[in-house]
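Visitor: If you want my numbering, it's the position in the sequence shown, counting the first as 1, plus 1190.
There's no promise every hint is true.
[Said to hold, decoys possible] Taking lysine to any residue pairs in the SDA-like style, the calculated list, with each CA pair at most 20 Å apart, reads: (1) Lys1397 - Asn1463; (2) Lys1378 - Lys1397; (3) Lys1404 - Asn1428; (4) Lys1340 - Phe1354; (5) Lys1340 - Pro1427; (6) Lys1313 - Arg1445; (7) Lys1404 - Pro1427.
No lab work stands behind these hints, which were simulated from the structure alone.
These numbers were taken from a predicted model, which means no experiment stands behind them.
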Amino acid sequence: MTCFAIGCPQSSCGTFETHQYVFKIGQYDCECEPLRAGQMTFEEGIVYVCDGSEWRALQYEAPLGSRSDPGFSCKDIKAHLKGATNGIYWITLTDSKDSFQVYCDMDAGGWTMVFKAVSGINKKVYPTYNSPHTSSEKVMAALDVTNNHKDHYKNRIVLNWAYFHASEARVVPYTGGNIVKEVKFNAKGSDKLNWFSAPRLIDSSWKDMKSQPKNVISIPGRHNRNFFINRQYGGCPNDAGWMAITGHFCEWEKRFNPRQNVIIYSKLQGYTNWNHRGKASSL
C-alpha cells in the first residue's frame, strides 16, 4: 500500500488525523478530465497521475551511479555527474539488472577499483586474482583503499575484462589510505594479465622506470612474488627493483611477519636495493 497525506490506515503508516478520504492507489479506467486532476492510478508497476487532460507516468529521477541508474565505469559517472566525489557507486557491464557496487577514485579522474591486495594477510595474492571467483565483492568494508577489511578484494570486472573495455590501468600502493606511488599501463585490447607488462607501461611516479632495464614486470611474477616490477637479480643482497608483493626466497622478504604477501616498494624517485624499501598497507 502506498500512503499519502490525505490520511492512511493506522496499521500501514501509523497514527494520522481522521480525514474524509482514505485511498489505496489501484487500477481504474476513468478518463482523465479537469475534475480528476491530481488523481492517480497504478498499472503494471507504474504510477500515473491525471494532469486534467491525460494520464502521465510519474518520473523518478536517480543520479547516475545509483542502483537504478548505474554507470558503465567510474570514469563514465564522473563525466556525467557534476561534483562526483570519491566513494561507492553502482556500475554495470551489461544492463542495470546486473549492476554492482565499486569504489571510485574520482579525485584522480574516475578510476574504478577492480582489485585490491591487502598486505600481510594469510592469503596468496596471485591465486586470488587469477581464480574464476570474486573476492569480497559484496563486502562494503572492502570498498575503499585501506587495509581495514582483512581480505583481498576482487570484483567481476577481472573475470570479464574484455567487456569492461578498459583504456588504461593503474597500480597504486597505499599507506594509511594515501597514495605513495603509481604506475599506469595501456590496457586497450589487453586481458586480465598482460596489461601489466613492460610494452604497455605508460608512466610512473618512479622517474627511471621507463628508461631503466627490467628483468621482470608481471602479475604472477617469479619466486612467488606477485605484481612484481624488478630491475635486476644479483644474488639476494643485490636484488633491486620498484615494487613487489613478497614471496619467501630471500632474506629481504623473510624479515616480515607473516613472511609473504607483503607489499613493498621503492621509496626513492627510482629503483632501490630490496634491502632498503618501504612497506605499503594495500595495493
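Visitor: Would the hint linking Lys1340 and Phe1354 be met if the CA-CA limit is 20 Å?
Guide: Roughly 27 Å between the alpha carbons, so the hint for Lys1340 and Phe1354 is violated.
Visitor: Would the hint linking Lys1378 and Lys1397 be met if the CA-CA limit is 20 Å?
Guide: violated (24 Å)
Visitor: Going straight from one Cα to the other, do Lys1404 and Pro1427 come out at no more than 20 Å?
Guide: holds (18 Å)
Visitor: Hinted pair, alpha-carbon criterion (20 Å max): Lys1340, Pro1427. Please report holds or violated.
Guide: violated (31 Å)
Visitor: Please verify whether Lys1397 and Asn1463 have alpha carbons no more than 20 Å apart.
Guide: holds (16 Å)
Visitor: When you check the alpha-carbon spacing of Lys1404 and Asn1428, does it fall within 20 Å?
Guide: Roughly 14 Å between the alpha carbons, so the hint for Lys1404 and Asn1428 holds.
Visitor: CA of Lys1313 to CA of Arg1445, is that 20 Å or under?
Guide: holds (18 Å)
Consistency note: the structure conflicts with the earlier hints numbered 2, 4, 5.
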